[in-house]
Structure formats: C-alpha cells, structure tokens
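Take these sequences, add in the hints, and give me the full structure.
The residues making up each chain are set out below.
There are 2 protein chains.
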Amino acid sequence: MYQTHRPLGAMRWILSLLLVLPLLAQAANEVLPSWNDGPSRKAIEAFVGAVTTEGSKDFVPVAERIAVFDNDGTLWSEQPMYFQVLFAFDEVKRMAPQHPEWKEKQPFKALLEGDRETLAASGMKGLLEIVGATHTNMTTEAFSANAERWLASAKHPRSGKPYTEMVFQPMLELLDYLRANGFKTYIVSGGEVAFMRVFAEEVYGIPPEQVIGTTFASQFQDKDGQLSILRLPKLAHNDDGPGKPESIDSIIGRRPILAFGNSDGDLQMLQWTMAGKGKRFAGLVHHTDGEREWAYDRESKIGRLDKALDEAKSKNWVVVDMAREWTRVYPFETAPSKP
Amino acid sequence: MYQTHRPLGAMRWILSLLLVLPLLAQAANEVLPSWNDGPSRKAIEAFVGAVTTEGSKDFVPVAERIAVFDNDGTLWSEQPMYFQVLFAFDEVKRMAPQHPEWKEKQPFKALLEGDRETLAASGMKGLLEIVGATHTNMTTEAFSANAERWLASAKHPRSGKPYTEMVFQPMLELLDYLRANGFKTYIVSGGEVAFMRVFAEEVYGIPPEQVIGTTFASQFQDKDGQLSILRLPKLAHNDDGPGKPESIDSIIGRRPILAFGNSDGDLQMLQWTMAGKGKRFAGLVHHTDGEREWAYDRESKIGRLDKALDEAKSKNWVVVDMAREWTRVYPFETAPSKP
Chain A
2 MYQTHRPLGA
12 MRWILSLLLV
22 LPLLAQAANE
32 VLPSWNDGPS
42 RKAIEAFVGA
52 VTTEGSKDFV
62 PVAERIAVFD
72 NDGTLWSEQP
82 MYFQVLFAFD
92 EVKRMAPQHP
102 EWKEKQPFKA
112 LLEGDRETLA
122 ASGMKGLLEI
132 VGATHTNMTT
142 EAFSANAERW
152 LASAKHPRSG
162 KPYTEMVFQP
172 MLELLDYLRA
182 NGFKTYIVSG
192 GEVAFMRVFA
202 EEVYGIPPEQ
212 VIGTTFASQF
222 QDKDGQLSIL
232 RLPKLAHNDD
242 GPGKPESIDS
252 IIGRRPILAF
262 GNSDGDLQML
272 QWTMAGKGKR
282 FAGLVHHTDG
292 EREWAYDRES
302 KIGRLDKALD
312 EAKSKNWVVV
322 DMAREWTRVY
332 PFETAPSKP
Chain B
2 MYQTHRPLGA
12 MRWILSLLLV
22 LPLLAQAANE
32 VLPSWNDGPS
42 RKAIEAFVGA
52 VTTEGSKDFV
62 PVAERIAVFD
72 NDGTLWSEQP
82 MYFQVLFAFD
92 EVKRMAPQHP
102 EWKEKQPFKA
112 LLEGDRETLA
122 ASGMKGLLEI
132 VGATHTNMTT
142 EAFSANAERW
152 LASAKHPRSG
162 KPYTEMVFQP
172 MLELLDYLRA
182 NGFKTYIVSG
192 GEVAFMRVFA
202 EEVYGIPPEQ
212 VIGTTFASQF
222 QDKDGQLSIL
232 RLPKLAHNDD
242 GPGKPESIDS
252 IIGRRPILAF
262 GNSDGDLQML
272 QWTMAGKGKR
282 FAGLVHHTDG
292 EREWAYDRES
302 KIGRLDKALD
312 EAKSKNWVVV
322 DMAREWTRVY
332 PFETAPSKP
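Here the protein sequences come in this chain order: A and B. Count along the first sequence from 1, add 1, and you get the number used in the numbering used here. Count along the second sequence from 1, add 1, and you get the number used in the numbering used here.
Hints are computed from structural coordinates only; laboratory data are not their basis. Hints are not guaranteed to be accurate.
Only pairs whose alpha carbons sit at most 16 Å apart, straight line, appear in this in silico EDC-like list of lysine to aspartate or glutamate [stated by the list, open to error]:
{"no.": "1", "chain 1": "B", "residue 1": "Lys314", "chain 2": "B", "residue 2": "Glu292"}
{"no.": "2", "chain 1": "B", "residue 1": "Lys308", "chain 2": "A", "residue 2": "Asp223"}
{"no.": "3", "chain 1": "B", "residue 1": "Lys278", "chain 2": "A", "residue 2": "Glu65"}
{"no.": "4", "chain 1": "A", "residue 1": "Lys278", "chain 2": "B", "residue 2": "Glu142"}
Stretches of chain B that chain A covers, calculated by requiring three or more beta carbons in the stretch to come under 8 Å of a beta carbon on chain A [what the hints assert, rightly or not]:
{"no.": "5", "region": "246-252"}
{"no.": "6", "region": "263-274"}
{"no.": "7", "region": "285-298"}
Ideal Cβ placement from N, Cα and C applies to all residues, glycine included.
Below is the structure:
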C-alpha cells in the first residue's frame, strides 16, 4: 500500500505546487503595483522590510508601528481647491433659501452671485465664516448626513468624477501594504475630522477612530431625553503645521515611525516622526504631473511645498516624483497610463 | 500495517481527549473567574453572546464593538482620594526645593505644612493650581518620566501596595474577555491622559491611543532642532460628565456599544452609549464593600453615585454589587476572599 501511495503523494504535491506558484508570483507583483521600480518604492520596501524582520536591529514591535498620513494632496487631490472648501461652497448654495440674509451679507453674497473677486478678497476670515456656517450649529449626525449626501452626488469640476474617486491608487496600495505588515494607519489632516470620517473607512480602509483632524468645540445636549452632540462655531484644534505633532501627542500618545505628507503644513509632523529613536521614514508626495494630476510646489497657494521640500532634500527624506514613479494616479484609470 | 495502526490511532485520540478535557473545563471557568454567578456576570455574558453570534439579530460587526471604561473607581480604586491628586501632592513635596516661593504661597504652603484645613478650604481652585504646577510647563516626555517614577515607588496609604496594584481583578478579566470577543477597549476618564498612558498598557492592556481623558493645551517646540511638546497650564478638555460623550464623538467618532462607570461623572457617557440603535450595555461598579475596598455612593465627595444610580435602576442598567458579586477585588488577594 505504501508503495502505491508514494507516487500519488508526490504527484499531489507537485500538482499543488503548480497551482500555488502562479499565486506566489502574483502576490509578489501585488505589492505596490502602481509604483514603478524607482527610488521611492525601493525605499518603502527597504524600510518595511527592516522594521518587520524579527531579529533585525531595526525591528519594531507591531504595537509601535504607527503610520500617519496627511489627506489633502497626499491621499487625494486638492486642486483646484481643497475639496472640503468646495463642499462648503456648495452647501452655502443649498442652504441659501433658508438664509435670505445671505443675499446682502458678505462673503455669502459674493459666493452666491459668483463674484470671485470679492470672495477672494474676503480671505481667510471670509472662508472661516463660510466654513462656520456650513459646518457648525448642527449636530454631528446632521453634519455627517450633509457631507455624505454631497460626496454621493458632487462631481469634480475637471474630471467629472466623484471626489472619493480622486484618491491616489499608489497611496491606497501603500496603506494596504503597511496594514498587511502590522502597521496601524492614521490620517492626520488639516481637514475637519467629521467630514473625513464620512468616507475614510470605505475609501482608505481607515476607521473613524484613526482619523485625526481639525475639530470644532462641541456640546453634549439632552433635550427631553433626545441626546446629541452640537458642533459649536469655535475651533477647538487647528490640525495644521505644529498642530499635527500636538494632536499626535494628545490623541495617539506615541510617536509614529512613518509619516507621509505633501506640503509645508506637514513639515512638523515629518520632523516629529523623524526625531524619534530607531529607524524611521518620512515621505513627501511631490505633485509633478500636470498631465494626469497637477504640477505645483513652491509657488502654489494650495498645498505649498517649499520649506518641507528643502528639508526633505537636505535630510534625504523620500520625495515621490508622481510623474515618474506612479504608473497610475487614480483608481479609475483602467490601465497604467505610463510605463 | 493498517491493522496495527488503527488501535494505536484510537488510543492516541482517546489519550489526547483525556489531556484536553481538563483544559476545556478550565477554559470554561477562566471566563470572568472573579465574578460569581450573580446577575452582573450573567448580563455581561448574555450581552457578549448576543452581539458576537453571527446571524443573531443583535450581531454587531467587530469594527463596531467599541467598549468604554471610566478609570477612577471603575478600573482601580479612588479612595481616600483620586490617585492622580495624591501624585500631584507628592510632586509638590518633591519639587518644593526648586520653588522656595511655595513656602509662603497658598495652597502650596498648606500642603507642605500638612495643614489639611487650609488645603481643603482652597477648594477646586487650589487643587487646579496644584495640578497645574505639577502637570504643566514641562514637556510630555518629562511629565511621563515623573509619573512613571512616582508609580514605581509610591504606596497606597492603606494597603501599602503600589497604586498600579489597586486595580480591580474582575475588571481586568472583563477587559480581557471583551478583547477576546473582538471588542476594542477604551478608557474615557476624567484623569489626565498622559498620566494614565504611563501604566494603562501594562496594567490594563489598553494602548496609549485608546486612552482618552482630560487634556491640557500643548505647544510644539523646536529649539535649535530639539523638538518637544510643551504642556501648557490651560485645560483643553475636561473629560468629565458631558465632556465624555463629547470626547467620544471627537476622538473615537463612533458610539460605543458598552460602557462602564461608577459615578455621576459617567452618567452622560452611559446615556450616550445606550441611546444608540441595537443591543447595548451600560454598567456601574457600585462600591458596596467596606471590608475589601470601600463602601460609598450618594454622599461621597469622591466618586459620588447618586443620579446615575437612580437612572441605572429605572432603566435596568447593570449595577455590580462589589461585595456580593466579586469573589476577589485586587490581583494581590491570592485566594478568593469570598465564596
């Protein structure tokens, strides 16, 4: 009996191997498939290999594998304007019938009349008024429903795609790759936290409790047993620049070992990440692709990358050349658009 | 060959079974071993069974199994005074040589001279001054080192045990049991967040990023490339009462399905948890054990339980009778002290 079993066993073994081999090959290709073989992909793989190899001098236990990502311009596009600002503009138009006073009140009047010059002249103060009117004095639940409705129907002015499709395919792959290697992935963004939570889990695989952002003060309300959290028109935390390491310290309570950003607003988060002990990784998405996405850096009003680019170069941080290193920018590009 | 193998196989199988059976029996007892067969343990097991049984109408996906716990009086003792306040008192004594002005300045003078009456008369304002002086105007790193040093050496005035051993064995078991059933366990406490993070991971198995508490404003500092987070003497968030659902909404971004507290400061967190859809659990630790721990509720200055006890009774929340339901209070009790 043994004699007849052995060849069958061997055949089965060879057969299984034949079935498994293509899967193994495919698995190897599936790591960061939209990154070409350039320096960024190599640096990412070398870093992840080093911190996840037990016995390596650079090994980092799973619990400490914290990775933080900026959102606007790092995980999705931010042109011609931060998408959340476009949401606020659309919300003003939607809410205008309930606010007849806006017809005579700036900056709402300018926005409703399409008077771009006056709107631009209202500056940051005007923008904060628009954000306040569309983001606060309502419950978190009501706000989230508004954001959800907008994200489900609004289209990006250039691509005509929903905003949640204007995410970077290579960064989705990087998030997956890190999580598959035991990393906990966080968003740490200047965007408002409840807005991002509406899509972050579905689009990025990042759950609400791993989304950190700008926050408004809030108030617990109990109206005859009807409980809610009211969003107040008062900033509690501005999660930009130095606000990023501050919120990382306050909310995560430990230092990330990997950080990715794209603008000067991410500089302190990258510095804070790199200042810890042991092997660390800092990356910048450099918007170099005027064809498939946008090309901008030192002179841009949105997502200016100037000081952080200098520091990245002087400290050998990874600067991703989008045009050269990404074979695909958006998930809706069906085939790689560059070799 | 087969003929001789079969009985051996069967014997092996029976042998393995004999070896495994006691382990199975033990495993069954290992769930919440310090809880007797009272109503609280039954309610906990019924709830966890319902929300984790696939196909059950009460099933909750793993991602939504968020459990929140108060700390003082819920996970560890809080008598004769919140342990963090005792830490602040000890820190004033330790820091006094560097602060000669405290000899003449209240409430520090009273504290250093052991003048309890004057100290008590300084009230909440005095306490905040003491907490401010010992918790702020230093980096998070420096503060954590202070807290760590104190926790490693200080002893509780009655038990003579380190404070980190004054934790409730049945609650440690509950945390383990919930995590084994896919729950993410959080602390949501009036205590200051950096203080709790020093011991929460080791003692409770709760990582820094799942510790939520009262926070001070902070400031990112860059002194010639030396980076730090400076703690400012200004409250950013008071995580007590309505502050608890506010921080849950802001930091976790979804509603817990289980909450445990012990005082009126936890009422809004319990209400917020119970007001969601689907099956939910609210529990209160009732300090009924003057022998092994402390007995206090409606009249206590520390951890007053009055309104929340009424609401728990009217809404059939679980109220744990510590004296009757816990066979063991602290881990250092080697044998169950009650049957």
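Hints and how they fare:
no., hint, verdict
1, B:Lys314 x B:Glu292, "violated, 25 Å"
2, B:Lys308 x A:Asp223, "holds, 15 Å"
3, B:Lys278 x A:Glu65, "violated, 34 Å"
4, A:Lys278 x B:Glu142, "holds, 14 Å"
5, 246-252, "holds (count 5)"
6, 263-274, "holds (count 3)"
7, 285-298, "violated (count 0)"
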